Amino acid sequence: MSNATLQSPKQSKWSMVGKDPQTIPIEQIDLSHPGIWHANEFLPFMARLRKEDPVHYCADSAVGPYWSVTKYKDIMEVDTSPHIYSSEPTIGIVDTFEKFTLPAFISMDPPKHDEQRRVVQGVVAPANLKNLEALIRSRVCEILDGLPLNEEFDWVERVSIELTTQMLATLFDFPFEDRAKLTFWSDVATAIPGGGIVATQEERWQAIQECMAYFTKLWNARVNATPGNDLISMLAHGEATRNMPPMEYLGNVILLIVGGNDTTRNSISGGVLALNENPAEYDKLRNDQGLIPNMVSEIIRWQTPLAYMRRTAKVDTVLNNKQIRAGDKVVMWYASGNRDEDAIANADKFLIDRPNARQHLSFGFGLHRCMGNRLAEMQLRIVWEEIMKRFSFVEVVGEPERVYSSFVKGYTKLPVVLHPL
Amino acid sequence: MVKILFIEHSGEEHPVEVVSGGSVMEAAVNNAVPGIDADCGGFCSCATCHVFVNEQWLDKLPPLGPNEDAMLSLSPDRRENSRLSCQIPVVDTLDGLVVTTPEFQF
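From first to last, the protein sequence lines are chains A and B.
For the first sequence, counting from 1, position 51 maps to 705 in this note's numbering; every step adds exactly one.
For the second sequence, counting from 1, position 11 maps to 508 in this note's numbering; every step adds exactly one.
Hint data in this document are derived by calculation from the structure and do not stem from the laboratory.
Note that the structure is a prediction, hence the values are computed from the model and not measured.
C-beta atoms are modelled at their ideal positions from N, C-alpha and C, and glycine is treated no differently.
Check before you lean on any hint, since a few could be wrong.
To be verified - Derived list of chain B stretches under chain A, where covered just means 3 residues or more per stretch with a C-beta under 8 Å from a C-beta of chain A: (1) 538 to 544; (2) 558 to 571; (3) 589 to 603.
Given only the sequences and the hints, what does the whole structure look like? Please build it.
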């Protein structure tokens, strides 16, 4: 993914942190700057746009002019019209620089997208997941059993990161002892220079090249071996992918790392936070663990671990009475559509027994709909089943720290104390 | 009223009777037939209302549209008789329709 080229310090003239969402002139509302996401101030700005200017043009921002689409039904229209709204050249808000661009099927249109995606989607298809469930559960149990009781620790580091990293290592058949590299590369891929992970664009690029070298080694080993059931073997032997240029291989690898890592990680953390902020819902869960599958969908809606996807208009078009020109950037704010009262009743409430909980935008819709959605749901379900067998309360004991990004919506730290049953 | 028989992957049968007008997906969801998720709510954009249509009914259905074809092409379980049930309107001529739900929706 190429969302990571925004060069801006945390103190920026573009930041809306501390501004009044009700009185700021509407043309100045700019959801793209990471400041309000990092400071957890984004919700009222999105609510105002949904009400007053649902397809909103921001003429001037650190990333140039762009449209913000904030209503559920408009997002659905954009997401399901790839002939009008292209995923090329990138799905990140920042235009790509050629030197730092990695092609991957998330930023391709049909037919190439469909061909490449078909090669790898089998690994996360439900039939294959059934075989993975026991392994995932044993790893979840091992992680949870190793946690301290009645003592503060960081849930993000000890549970969310560890679990999703182990899962990724399994899907790639990646050397297990080196798995921390996967987390690092995932963070680097979406990092904003100066945002905490890397200092400069060059530093970021150097890390990505290390990733490239590592995965080239794995490709070379597997291309001549009997095809295994892992993602690298699938790419190395797949009809549509085995001759792909090295950069495209790397782009798809990074896509699969980020797709399978940040998102589930932040939904694991987000669920703990949501239940702490809504104690009545935590009680519902304690009384009926049969609610877990439904709660998982609600957590994914509530968290919306990727705040947006970007499209680029291929032709002049009209969206909800706004004239969009060919070439315009169009950003679908899933994080806003998931709070749209016109589509979701009580959208601002976290309700683990919500009817139609699966009808949320977090996975996107249409041809680019999240490929790993069933894997994500399964991981979250198992995590909560095993948490409830062990702990009466995963108590959040301090302010969470949030990712400095308007794309990856998540947590860098969540201090908790575990209370046993 | 139009009768539709949903057969689960396990073989369990769920007969429903609905008025014409909605979609086969809605007939399933409104009658709590398991095995149809319909995450997108009927916009032909998630492929989680996938069904296998009993052969004798295939030529009575409206033709496969390009969007439906594209969404189905991403399903590893697709067969010749695969359709998205949100794209099959319930009409009187489909009285007696038989569809099987796949083991998994993806």
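Cross-check of the supplied hints:
With 6 residues having a Cβ less than 8 Å from any Cβ of chain A, the region 538 to 544 of chain B passes the three-residue criterion, so the hint holds. Given as covered by chain A, the region 558 to 571 of chain B passes the check, having 5 residues with a CB less than 8 Å from a CB of that chain where 3 are the minimum. Counting residues of the region 589 to 603 of chain B whose CB falls under 8 Å from any CB of chain A gives 4; the rule of at least 3 is met.
Comparing the model with each earlier hint shows no violations; every hint is respected.
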